[in-house]
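Residue numbers are given in the numbering used here: position 75 of the sequence shown equals residue 77, and the series is strictly consecutive.
Honestly, the hints are just simulated from the structure, not real lab data.
Here a beta-carbon is modelled for each residue, glycine too, at the ideal position from N, C-alpha and C.
Take these hints with a grain of salt, some might be off.
[Claimed, not checked] Cβ pair distances, simulated, as ranges:
#	residue 1	residue 2	range
1	Ala54	Arg117	13 to 21 Å
2	Pro83	Asn40	35 to 43 Å
3	Ala84	Ser37	18 to 26 Å
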Amino acid sequence: MNLSDPLGNGADMAATGFVQCADEDDVARHLLRPSFTNDGETVQLLAFDGHARLISAERIEATLSGRCTIPPMRWRRLLGPAVTGVLMAHNHPSGVAWPSEGDLACTRAVSRLLRPMGIDLFDHLIFVDSGHFSFRRAHLL
3 MNLSDPLGNG
13 ADMAATGFVQ
23 CADEDDVARH
33 LLRPSFTNDG
43 ETVQLLAFDG
53 HARLISAERI
63 EATLSGRCTI
73 PPMRWRRLLG
83 PAVTGVLMAH
93 NHPSGVAWPS
103 EGDLACTRAV
113 SRLLRPMGID
123 LFDHLIFVDS
133 GHFSFRRAHL
143 L
């Protein structure tokens, strides 16, 4: 894997999950991408209501690379009675869009946390300079 081939050769499953910058939707391009820098990993949690309106957001600066730690207090602030869906996103300053084992485990844990509350995990996006990886597009959700 390298910066010109962010998913690595032969990553057929992931290739369907990669979206080039030019093809990003408005939420990815205008709301999420500007919040990520190459200074370190950052997690963004966006909560939407049943009409797909953004109703709350949480930004979490990562302290340890490769670890998904979202404190319960952050979930309490994000989730409310009107929330029906969450979009999770973070960046990989390394430039490699492929999800790590930690990313996969975190996505499963978040999905398990939200499901009993009737809240959908819409997607988990991993941003790099050239685009982003979508767990939903790669059929990992």
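Identify every previously stated hint that the structure contradicts and give their numbers, smallest first.
Violated hints: none; all satisfied.
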